Amino acid sequence: MNTAKRRARRIRAIWVAVGSAAVLLYSLGPLLWIFIASITPELKADFNQAWLSNRQVTYFPSEPTLANYGALFETVPFATYFRNSSIIATGNMVLTLVVASLGAYGFVRFRFFGRSSFLVAMLVAYTIPSVVLLVPLLVIFRTYGLNNTHLGMILAEATHSAPFVLLLMINYFSTLPRDLDEAAQVDGCSRLKVLWRIILPLSLPGLVAGGLLAFIMTWNNFLFAFLLTSTAEVKTLPVIMRQFALGEPAVWGISAAGALVSTLPVALIFLLFQRMLMSGLAAGAVKG
Amino acid sequence: MAQVNLRKVVKRFGDVEVVRGIDLTIADKEFVALVGPSGCGKSTTLRMIAGLEEISDGDILIDGKVVTDFAPKDRDIAMVFQSYALYPHMTVRENMSFGLKQQRMAKAEIDTRVDEAARILNIEDLLDRKPKALSGGQRQRVAMGRAIVRQPKVFLFDEPLSNLDAQLRVQMRTEIKRLRQKVRTTTVYVTHDQVEALTLADRIVVMNKGRIEQIGTPHELYHEPQTRFVAGFIGSPSMNFIPAAIEQRGDKLALLLKDPDLSFEIPAERHNRYAGLAGRSDLLLGLRPEHFSAAAGEPRPGHGQFETRIDITEPVGIETFVYFVLAGTEICARLPPTAGAQEGKPLRLAADLTQMHVIDPVTGLVV
Amino acid sequence: MTTDIADTGTPAAIRTKRRKRLDLLPYALIAPIGLLLAAITVYPTIQAIYLSMTDASLLRLARAKFVGLLNFTRMMGDQVFLDGLWRTLRWDFAVVSLELCIALPIALFLNMNFRGRGFVRAAMMVPYITPPAVVGLLFLFMFDGNFGVVNDLLVRFGVLDRGIAWMSDPVASFWIVVSAMVWYGTPLMALILLAALQTIPAELYEAAEVDGASRWSQFRSITIPHILPSILFLVLLRMIWMSNHIDMIFVMTAGGPGFTNHTEAIYSFSLTNQFQIGYASAIAVVLAGILMVFSALYVRHLARTVLAQTS
Numbered sequence: 001m002n003t004a005k006r007r008a009r010r011i012r013a014i015w016v017a018v019g020s021a022a023v024l025l026y027s028l029g030p031l032l033w034i035f036i037a038s039i040t041p042e043l044k045a046d047f048n049q050a051w052l053s054n055r056q057v058t059y060f061p062s063e064p065t066l067a068n069y070g071a072l073f074e075t076v077p078f079a080t081y082f083r084n085s086s087i088i089a090t091g092n093m094v095l096t097l098v099v100a101s102l103g104a105y106g107f108v109r110f111r112f113f114g115r116s117s118f119l120v121a122m123l124v125a126y127t128i129p130s131v132v133l134l135v136p137l138l139v140i141f142r143t144y145g146l147n148n149t150h151l152g153m154i155l156a157e158a159t160h161s162a163p164f165v166l167l168l169m170i171n172y173f174s175t176l177p178r179d180l181d182e183a184a185q186v187d188g189c190s191r192l193k194v195l196w197r198i199i200l201p202l203s204l205p206g207l208v209a210g211g212l213l214a215f216i217m218t219w220n221n222f223l224f225a226f227l228l229t230s231t232a233e234v235k236t237l238p239v240i241m242r243q244f245a246l247g248e249p250a251v252w253g254i255s256a257a258g259a260l261v262s263t264l265p266v267a268l269i270f271l272l273f274q275r276m277l278m279s280g281l282a283a284g285a286v287k288g
Numbered sequence: 001m002a003q004v005n006l007r008k009v010v011k012r013f014g015d016v017e018v019v020r021g022i023d024l025t026i027a028d029k030e031f032v033a034l035v036g037p038s039g040c041g042k043s044t045t046l047r048m049i050a051g052l053e054e055i056s057d058g059d060i061l062i063d064g065k066v067v068t069d070f071a072p073k074d075r076d077i078a079m080v081f082q083s084y085a086l087y088p089h090m091t092v093r094e095n096m097s098f099g100l101k102q103q104r105m106a107k108a109e110i111d112t113r114v115d116e117a118a119r120i121l122n123i124e125d126l127l128d129r130k131p132k133a134l135s136g137g138q139r140q141r142v143a144m145g146r147a148i149v150r151q152p153k154v155f156l157f158d159e160p161l162s163n164l165d166a167q168l169r170v171q172m173r174t175e176i177k178r179l180r181q182k183v184r185t186t187t188v189y190v191t192h193d194q195v196e197a198l199t200l201a202d203r204i205v206v207m208n209k210g211r212i213e214q215i216g217t218p219h220e221l222y223h224e225p226q227t228r229f230v231a232g233f234i235g236s237p238s239m240n241f242i243p244a245a246i247e248q249r250g251d252k253l254a255l256l257l258k259d260p261d262l263s264f265e266i267p268a269e270r271h272n273r274y275a276g277l278a279g280r281s282d283l284l285l286g287l288r289p290e291h292f293s294a295a296a297g298e299p300r301p302g303h304g305q306f307e308t309r310i311d312i313t314e315p316v317g318i319e320t321f322v323y324f325v326l327a328g329t330e331i332c333a334r335l336p337p338t339a340g341a342q343e344g345k346p347l348r349l350a351a352d353l354t355q356m357h358v359i360d361p362v363t364g365l366v367v
Numbered sequence: 001m002t003t004d005i006a007d008t009g010t011p012a013a014i015r016t017k018r019r020k021r022l023d024l025l026p027y028a029l030i031a032p033i034g035l036l037l038a039a040i041t042v043y044p045t046i047q048a049i050y051l052s053m054t055d056a057s058l059l060r061l062a063r064a065k066f067v068g069l070l071n072f073t074r075m076m077g078d079q080v081f082l083d084g085l086w087r088t089l090r091w092d093f094a095v096v097s098l099e100l101c102i103a104l105p106i107a108l109f110l111n112m113n114f115r116g117r118g119f120v121r122a123a124m125m126v127p128y129i130t131p132p133a134v135v136g137l138l139f140l141f142m143f144d145g146n147f148g149v150v151n152d153l154l155v156r157f158g159v160l161d162r163g164i165a166w167m168s169d170p171v172a173s174f175w176i177v178v179s180a181m182v183w184y185g186t187p188l189m190a191l192i193l194l195a196a197l198q199t200i201p202a203e204l205y206e207a208a209e210v211d212g213a214s215r216w217s218q219f220r221s222i223t224i225p226h227i228l229p230s231i232l233f234l235v236l237l238r239m240i241w242m243s244n245h246i247d248m249i250f251v252m253t254a255g256g257p258g259f260t261n262h263t264e265a266i267y268s269f270s271l272t273n274q275f276q277i278g279y280a281s282a283i284a285v286v287l288a289g290i291l292m293v294f295s296a297l298y299v300r301h302l303a304r305t306v307l308a309q310t311s
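Chains as they are written, first to last, in our numbering: chain P, 1 to 288; chain D, 1 to 367; chain Y, 1 to 311.
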């Protein structure tokens, strides 16, 4: 029955093509749109006006331009915001990796009194809704002068990233056979050396996934950045989106350009490390 | 002097005593095997010697020093693990050098030792490979190499051959024996395979349920087991235990079996030993499969003859394992293929009673 | 060598009395993360509970007075608060059910084996990687009254005469924010559903094929039962997270128009922005209390799984 099989296969191929196209359009369409907007010259944004005048929606600009990108850096302190995002995200990544690795090693490889209580405490801290933390963090930060500092932001962001990466590393470390530890101990390593020379090198994929996910989580976070910073010196990129949304600067192209540039780093990281990141995400349910 | 002493060593997990008071002295350069069934505590004992398991009670001494509270790295020991535990991210050479690097040894000396060990174990051309590119036997040798370069006071082996297939196991056993000829160090070797223990060890420690049943040379354990457990554990196929009674008949002692009713004269040299059991009918006769033979003509001195019907035969080439029922128990006998054993057919057999053992079920001891 | 077990000839070493040596290392290892989280999670929570019982305001923090349960009684009479409960539920249900409706077909689709699947799957994840604030902006842009592509398409295809100012209309703005969140959240759902689908052994389907079951009944009796636990769990989690969510809603609407988009979390947040932190805390505490009850299920499940895996 060759023809029947070939027909079935062709139908399947059509389904695949249609499905793929749908998924791609759904997932990438809006971003494509914004990309086009960013290279379109001079579209003024005007949300707050209920009445409408000329619609100037162009699907492909006749004269694509990169002027918006240039203007972006002039009209808003974009470079500063970008720098802040980078510093805070990187700092959080490093902090998270360090504390999570140490904690995961202690939890997985040692039997100690209070071990399961520790785990439960970490999970409870992980699930405390951030709503309830907003006000006190604000107050505490002001009291201790952590307001408007990179360090403060790095610490605050750890509420999300640290427990998540801890769980990820616990999961990862527990897959390494215990007798590697023991062989290293017999070979002369103290328990900390075992962590440094054996466990961590063998956990590199997990560390990369955890670190990058922490980076992305922090880079994308709006709430704490908005709440805990008030000067451009420390504000991060997502905060600018709010500003754009309120219609300033009043040029769509610039907002679009800003949105794209804000997304570019995390998109790049994701593209480079997809497999690792996707399995990391699926492994531990991520906080929205 | 790398003597190892265990004094009343106990290991508890919660309320459960897994090792219940072990006393053991291993002489310098002696090869001692710890054998026993799963869960008998042999691995736990080894790990306590290594320092990988905390000791609940008692002391361990290595070379005269109390090492009970020492970390593994301070005990001057090396260990070969069941799963080899080779560091996956390092080459063979790096695996073998790792321990020495931790001791801050000079690179030149490390290289010398590694090359020497590699030569002894025939793994010279594997030095730059990573563990995942090695076969099971090769990995085992690298694991041994890692232990040798340390030149420790004690070698500890934790069931090193259990992960290998049967053929490879026999091969590696010979390798270990050959290694022993070249490198003589105090060794403690844990295995559940008694053949390994019998072939490799100077002395064997038989453990059961956390206690030592008996310590002795392979010869002693085979010929003079002290408990029923040891008698049944050592020897493959294992010893047959047949319900029997002993009766005084004049100035001779008779061994009585039921079903069919048989009576044998106990050899004279055993009279003294068994005289005190006369009149008991709840005893067990222990006789190894290799101490049966096909009967021909008149019984030899010390042998008892009987007729039985063969149930199953298992020809294994050089001999045939023959199964039959006596006194309600299934008995295994090792006969030459020429004995004429056929399933379902009767056969006349002789039992070598000079090799017999009598076990008192009440005490579990061999009399 | 005899079989005598007693030790002979060993040096006279002192028999040490076995005392439990307390190993401090594990505590040192868990201390950093423990202290960090205590400082940024536990301590603030306690602070929040305390603040919720004061009339604190950011403007005159030092002069906050303890007012007991006043904030809570005020809540009971606060229409915005009471509506907020309903609005939160409405928001949760809308987002999660839409996400599920879109994510499940996507997951089923990606479960098939075809060339380029990796690429499509990676592309599918893109919305989740995008910063939520950017997503908010994106959808604002698409639905813009003047320059929104949606309006433009609708007009071009003759559905409308002129574009509508979507975000000014309460109902429309709600659904637009929902759409934005759904677009953002579907990839995660799809990813987890896909993982669940891939744990179903192929033999089950093969056996059903041999038995003559149709695709639909295979789906109903093999696929659904297998992934139902994952779906339920996922739904529970997403609803908890959505109840807690602020970012996207705020960026797009700041809670408006009017109070349309004032979920409980948004209400607390906007109160904070208006400096009424005592009252804001009270609302947040109540919201958190309710959510933690449901989270407890999650915590218990996760704790059991992790403990089993690491013992």
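Worth flagging that the hints you see were computed from the coordinates, not collected in a lab. Where hints are given, some of them may not hold.
Stated by the list, open to error - No more than 25 Å apart at the CA atoms, straight line, and that leaves these computed lysine-lysine pairs for BS3-like:
# : chain 1 : residue 1 : chain 2 : residue 2
1 : P       : Lys193    : D       : Lys130
2 : D       : Lys132    : P       : Lys193
3 : P       : Lys193    : D       : Lys29
4 : P       : Lys193    : D       : Lys153
5 : D       : Lys29     : D       : Lys8
6 : P       : Lys193    : D       : Lys101
7 : D       : Lys73     : D       : Lys29
8 : D       : Lys65     : D       : Lys209
9 : D       : Lys8      : P       : Lys193
Predicted model only: the values in this text are computed from it and were never measured.
Hints, one by one, checked against the model:
1. A C-alpha spacing of about 21 Å is found between Lys193/P and Lys130/D, which places the hinted pair at or below 25 Å, so the restraint holds.
2. Under the criterion of a C-alpha separation no larger than 25 Å, the hint pairing Lys132/D with Lys193/P is consistent with the structure, at around 23 Å.
3. Proximity of Lys193/P to Lys29/D is assessed by CA-CA distance (about 31 Å); at most 25 Å being required, the pair is judged violated.
4. For the hint linking Lys193/P to Lys153/D, the alpha-carbon distance of about 23 Å falls within 25 Å, and the restraint holds.
5. For a cut-off of 25 Å, the pair hint linking Lys29/D to Lys8/D stands: about 22 Å separates their Cα positions.
6. Only pairs whose Cα atoms come within 25 Å are accepted, and Lys193/P paired with Lys101/D is accepted, the gap being roughly 12 Å.
7. Simply put, Lys73/D and Lys29/D have alpha-carbon atoms about 20 Å apart, close enough for the 25 Å limit, and the pair holds.
8. The hinted pair formed by Lys65/D and Lys209/D fails the criterion: a straight-line CA distance of about 28 Å is larger than 25 Å.
9. In summary, the hint linking Lys8/D to Lys193/P is not supported, as the alpha carbons are separated by about 33 Å, beyond the 25 Å threshold.
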